[in-house]
Amino acid sequence: MTTKCGVFHQSYKSEMAIFQTWFARGWMALLFAWMLVFPFVAKPMGKALGTNVLYLANLIGIYIIGAQGLNLLTGYTGQISLGHGAFMGVGAYASAILTMRLGVPFWFALPLSGLVAAVVGMFFGIPSLRLKGLYLAIATMAAQFIIQFAMRNWTAVTGGSDGMSVRAPVFFGLPLNTDRRYYFLVYTLVIAATLFTKNLTRSRSGRAFVAIRDRYLSAEVMGVNVWGYRILSFGVSSFMVGVAGSLWAHYVLVISDEHFTIGLSVQYLASIIIGGLGSVTGAIYGAIFMTLLPELLRIPERALSHVWENAFTIMNSLREGTFGLLVVLFIIFEPDGLAHRWNKIKAYWKLWPFSY
Amino acid sequence: MKTPGKMGSRFLWVLGAVIAFKPLEWMAVKIYQDPWFFLQLLVQGFAVGSVYSLVALGFVLIYKASGVINFAQGELLMLGAYACLAFLVQANLPLWAAIGLTVVVMVLVALVLERLVLRPLIGEPVISIIMATIGLAAVFKAATAAAWGTQLRSFPAIFPDQPVHLGQVIISQVYIWTFGTAMLLMIVFALFFKFTRLGIAMRATANSHQVALSMGISVKTIFALSWCISAVVSAIGGVLIGSINGVNITFSDFGLKVFPAVILGGLDSIPGAVIGGLVVGILENLSGGYLSRIFGGGVKEVAPFVFLVIILMIKPYGLFGTKEIERV
Numbered sequence: 001m002t003t004k005c006g007v008f009h010q011s012y013k014s015e016m017a018i019f020q021t022w023f024a025r026g027w028m029a030l031l032f033a034w035m036l037v038f039p040f041v042a043k044p045m046g047k048a049l050g051t052n053v054l055y056l057a058n059l060i061g062i063y064i065i066g067a068q069g070l071n072l073l074t075g076y077t078g079q080i081s082l083g084h085g086a087f088m089g090v091g092a093y094a095s096a097i098l099t100m101r102l103g104v105p106f107w108f109a110l111p112l113s114g115l116v117a118a119v120v121g122m123f124f125g126i127p128s129l130r131l132k133g134l135y136l137a138i139a140t141m142a143a144q145f146i147i148q149f150a151m152r153n154w155t156a157v158t159g160g161s162d163g164m165s166v167r168a169p170v171f172f173g174l175p176l177n178t179d180r181r182y183y184f185l186v187y188t189l190v191i192a193a194t195l196f197t198k199n200l201t202r203s204r205s206g207r208a209f210v211a212i213r214d215r216y217l218s219a220e221v222m223g224v225n226v227w228g229y230r231i232l233s234f235g236v237s238s239f240m241v242g243v244a245g246s247l248w249a250h251y252v253l254v255i256s257d258e259h260f261t262i263g264l265s266v267q268y269l270a271s272i273i274i275g276g277l278g279s280v281t282g283a284i285y286g287a288i289f290m291t292l293l294p295e296l297l298r299i300p301e302r303a304l305s306h307v308w309e310n311a312f313t314i315m316n317s318l319r320e321g322t323f324g325l326l327v328v329l330f331i332i333f334e335p336d337g338l339a340h341r342w343n344k345i346k347a348y349w350k351l352w353p354f355s356y
Numbered sequence: 001m002k003t004p005g006k007m008g009s010r011f012l013w014v015l016g017a018v019i020a021f022k023p024l025e026w027m028a029v030k031i032y033q034d035p036w037f038f039l040q041l042l043v044q045g046f047a048v049g050s051v052y053s054l055v056a057l058g059f060v061l062i063y064k065a066s067g068v069i070n071f072a073q074g075e076l077l078m079l080g081a082y083a084c085l086a087f088l089v090q091a092n093l094p095l096w097a098a099i100g101l102t103v104v105v106m107v108l109v110a111l112v113l114e115r116l117v118l119r120p121l122i123g124e125p126v127i128s129i130i131m132a133t134i135g136l137a138a139v140f141k142a143a144t145a146a147a148w149g150t151q152l153r154s155f156p157a158i159f160p161d162q163p164v165h166l167g168q169v170i171i172s173q174v175y176i177w178t179f180g181t182a183m184l185l186m187i188v189f190a191l192f193f194k195f196t197r198l199g200i201a202m203r204a205t206a207n208s209h210q211v212a213l214s215m216g217i218s219v220k221t222i223f224a225l226s227w228c229i230s231a232v233v234s235a236i237g238g239v240l241i242g243s244i245n246g247v248n249i250t251f252s253d254f255g256l257k258v259f260p261a262v263i264l265g266g267l268d269s270i271p272g273a274v275i276g277g278l279v280v281g282i283l284e285n286l287s288g289g290y291l292s293r294i295f296g297g298g299v300k301e302v303a304p305f306v307f308l309v310i311i312l313m314i315k316p317y318g319l320f321g322t323k324e325i326e327r328v
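Chains as they are written, first to last, in the numbering used here: chain G, 1 to 356; chain Y, 1 to 328.
Calculated from the structure, these hints are not laboratory results.
Backbone N, C-alpha and C fix where the C-beta goes; we use that ideal spot for every residue, glycine too.
Some hints here could point you the wrong way.
Said to hold, decoys possible - From chain G, some residues computed to sit far from chain Y (all C-beta separations above 12 Å):
#1 F149
#2 R152
#3 R181
What the hints assert, rightly or not - In silico SDA-like cross-links for lysine to any residue, where the CA-CA straight-line distance does not exceed 20 Å:
#4 Y:K323 to Y:L166
#5 Y:K315 to G:F123
#6 Y:K300 to G:I262
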């Protein structure tokens, strides 16, 4: 029995289970085992593929945490944010300032930087009191530019355009300064963030988010405090992306405002759209896709650069263009994203070959 | 939804006045000390602002007709400027031919865009449309970079370059021509909307798609037309601004300034877009002139966005925008 064809619950417990069948649980266990084994086989794998696989895996992990956050806001609550790149930057800078200037240990700085990002995110979420959709997208875009300006020009706090250097975190005397050690930190948090998102969306708040997204007037009539939940959604979402920023800062060790541009915000949005709005697995697919896409596009670039001098500049702009084109194509032809496509494939095989 | 009550809003106004008093006083002192500098900034602000108005007009046209927020407006502007540059310099055409060809190219681009990308998205959620236009922006940017490279290119002198003296204010003629052209275009459009058949059809469509359809107006044609006009207007704005500063690949960021402009004016108001554009241009120049010593470079770029957030907080539908009244 791979997937069930109907609803066969006999207890509340079985209905509330995240993984409904033993088959799914088995796959999850396998995935977990693979995640544990992966860092130890990553070196030979990376050699075969010609890139640092573990580094990519860490980037994907950090990306997943942020994407889950944005998905809560955009996919579940229906509030578009074009400022999450900057909120991630707020998390990164907050963490850097806390650990390097104020001497706070990383393990406290990590949630604190999330909180700082949450406060900033909630401030720029205030216009959602009266506005929706379009206006909010523009307000958060303004947030993006204002925060980026502050990061570059508030030299006394952020170090200006020189950026800030950060130290790797230390776990009971063990510095997490290699890809492999950091991997375990990142993926512990990835699992925590994913479980948190999944459970939040099944809770009272999560249902309120979805109600607001689908029809906020009806939600309000039903007694949902629309503004409160919107701000809450902004807060939780920015918290997660702030934590992702903190993780990123302590991984790459040097941060500057150049990373947290509107391009990053757009990438985040694109990843959850490509993955699937309002889907926990969708955010994961989207994050993987968006991190691996530039790597994949680099392969023809490298191959061509031997033949053709100008290949690099042309391919560089082509990469940007491919990204844009993919987003447009996805929106036109696959508006529900990869997660939806995957569910469709599963549904097709469920009753195969007697599908009707 | 909870909104501040009568007392609450009065309190907010008083609070705003108290907060704004010090900066306003400071500003007044500065102007008194050097009025010519202020005037200089003001005049330049008007010129740049008139181009913002033009681009904002294009933006509002699309939004009014089809409800699409076009994040690729700046890229249309860039494309127009590059196309005109190519016709002028690479093909060595006279100015009138270059501008005519640019208009033709932009119309074609707009038609293709509307047909291939935006029409399939009619009725899709806002986020899809926003992301689609952002994706388009990336494609345009990449195409421009691939075709023309990323370095700064300057326009050949289109306008006479002898500056005009007004008291102690020195205005280069480019600014005057820019302002004049932009204003002329806007008057033409005002007349177009007021008196021509198509213009009236466009207004009807903006008002209600269903009613327009039942009156025999082809809404699809109107959508396409609004994209065409918007692209052409932006392209002309691009040529005007390009002739002041030259064009490079970051030129499209110019288009982002339409957002403060249209938010101030109200997203769906054409006069609002015109006034908003002027105000943003002036604000940008003044903040660049007075504040960059305090906050460092780049304050010019960010000031309109601070302004935008403030407007959204106190007057979310702008000066002339339609307030959305929702009934259950």
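Query raised in the report: Which hint numbers does the structure go against, in order from smallest to largest?
Result: Numbers 1, 2, 4 - these are the hints that the structure violates, sorted from lowest upward.
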